[in-house]
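Visitor: Sequence:
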Amino acid sequence: MAQAEKLLNGRPRALSTDEVIEFFNALAPHQASAGPLTIEAKIAPNMGQVVVKLVLAGREMGKHLLGYTAPMLILDLANAGATATGKIELELRPPPLFSSLQADVSAKQSGQTFCFKGDIASWQAKGQPIVGHYITQLDATLTATTTVRGVSANTANFEFRIQGNAVAAMTATQLAPVQVYPDEISIGDLYIAKGAKITLAVPTEIGPGMLFLQCFFQTATTPETQVSASVANITWPQIAVPKMVSDDAREGDPHD
Numbered sequence: 002m003a004q005a006e007k008l009l010n011g012r013p014r015a016l017s018t019d020e021v022i023e024f025f026n027a028l029a030p031h032q033a034s035a036g037p038l039t040i041e042a043k044i045a046p047n048m049g050q051v052v053v054k055l056v057l058a059g060r061e062m063g064k065h066l067l068g069y070t071a072p073m074l075i076l077d078l079a080n081a082g083a084t085a086t087g088k089i090e091l092e093l094r095p096p097p098l099f100s101s102l103q104a105d106v107s108a109k110q111s112g113q114t115f116c117f118k119g120d121i122a123s124w125q126a127k128g129q130p131i132v133g134h135y136i137t138q139l140d141a142t143l144t145a146t147t148t149v150r151g152v153s154a155n156t157a158n159f160e161f162r163i164q165g166n167a168v169a170a171m172t173a174t175q176l177a178p179v180q181v182y183p184d185e186i187s188i189g190d191l192y193i194a195k196g197a198k199i200t201l202a203v204p205t206e207i208g209p210g211m212l213f214l215q216c217f218f219q220t221a222t223t224p225e226t227q228v229s230a231s232v233a234n235i236t237w238p239q240i241a242v243p244k245m246v247s248d249d250a251r252e253g254d255p256h257d
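Numbering of the sequence shown is given in this note's numbering, commencing with residue 2 and proceeding in unit increments.
Keep in mind the hints are simulated off the structure, nothing from the lab.
Be aware that one or more of the hints could be misleading.
Claimed, not checked - Below, in silico cross-link-like pairs of lysine-lysine (PhoX-like), each with a Cα-Cα straight-line distance of 25 Å or less:
1) 88 / 64
2) 244 / 64
3) 88 / 54
4) 64 / 127
5) 88 / 109
6) 43 / 64
7) 198 / 244
8) 118 / 43
9) 64 / 118
10) 244 / 88
11) 43 / 127
12) 88 / 43
13) 54 / 43
14) 109 / 54
15) 54 / 244
16) 109 / 195
17) 54 / 127
18) 118 / 244
19) 195 / 43
20) 54 / 118
21) 54 / 64
22) 109 / 64
I would like the entire structure built from these sequences, with the hints used as guidance.
Guide: What follows is the structure, encoded as structure tokens:
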């Protein structure tokens, strides 16, 4: 048990915005423009999240992650004599309704004013929106990742990953909070005993929740180790105030 405590000393952490944005790298962008302002959006219908890149007069003004808890950007940008103001808003709707990314922006350059108002993209959701990404390092090569979904954070998609590749998955919900993996997992030097179990405690408005993992595992560098610990400390999803994007905006804000 001392070994497990040592391995889990860092505790679960939420992925940063930069780490989540990497999930979108391979997606094709949607674009809209208003004179010197270009809005590029990458949509993940299965995540309920969008990455927005802003370019004003040839300068990238950062990448920004929108989702259920952070659905709006307020623009107040200036670069090389050009300015841009307005808002970009994500509207999430459950299927079969369509979600959309909308903009109402104006830009000025060389005495001219340019406007864009309308949808940048629309799509049908594929699952509940993601409200949290968490990771716990169990070993040098083994991680436990948890994706929390739903406006009340009542679903947790769990995966064991070896060197970044998923080797087993379980999903716990508020109605079925305990899940047990029925088989042992043996891949190369990795061994996870039969009966690995996750238990979901959903958060409330007055207190946090967690995803609790119980298992035995071993790898080439770690002897048989018992894990009995939280792998995701889950907070109640709260919609944040609109994010102001100004001249000095940069990507990399923390993501809970």
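Visitor: Each hint needs a verdict: does it hold in this structure or not?
Guide: Here is how each hint holds up against the structure:
1. 88 / 64: Since the Cα atoms of residue 88 and residue 64 sit roughly 15 Å apart, the hinted pair holds (cutoff 25 Å).
2. 244 / 64: Roughly 12 Å between the alpha carbons, so the hint for residue 244 and residue 64 holds.
3. 88 / 54: holds, 13 Å
4. 64 / 127: Within the cut-off at roughly 23 Å; holds.
5. 88 / 109: holds, 15 Å
6. 43 / 64: holds, 10 Å
7. 198 / 244: Distance ~38 Å between residue 198 and residue 244 Cα, so the pair is violated.
8. 118 / 43: Holds: residue 118 and residue 43 sit about 18 Å apart, inside 25 Å.
9. 64 / 118: It holds: about 20 Å lies between the C-alpha atoms, which stays within 25 Å.
10. 244 / 88: holds, 10 Å
11. 43 / 127: holds, 15 Å
12. 88 / 43: Within the cut-off at roughly 17 Å; holds.
13. 54 / 43: Status holds; Cα separation ~9 Å.
14. 109 / 54: holds, 19 Å
15. 54 / 244: With Cα atoms ~14 Å apart, residue 54 and residue 244 stay inside 25 Å; holds.
16. 109 / 195: violated, 63 Å
17. 54 / 127: Holds, at about 23 Å.
18. 118 / 244: This hinted pair holds, its Cα atoms lying about 19 Å apart.
19. 195 / 43: Status violated; Cα separation ~39 Å.
20. 54 / 118: holds, 17 Å
21. 54 / 64: Holds, because 4 Å separates the two Cα atoms, which is no more than 25 Å.
22. 109 / 64: Status holds; Cα separation ~21 Å.
Hints 7, 16 and 19 from the list above are not met by this structure, while the remaining hints are.
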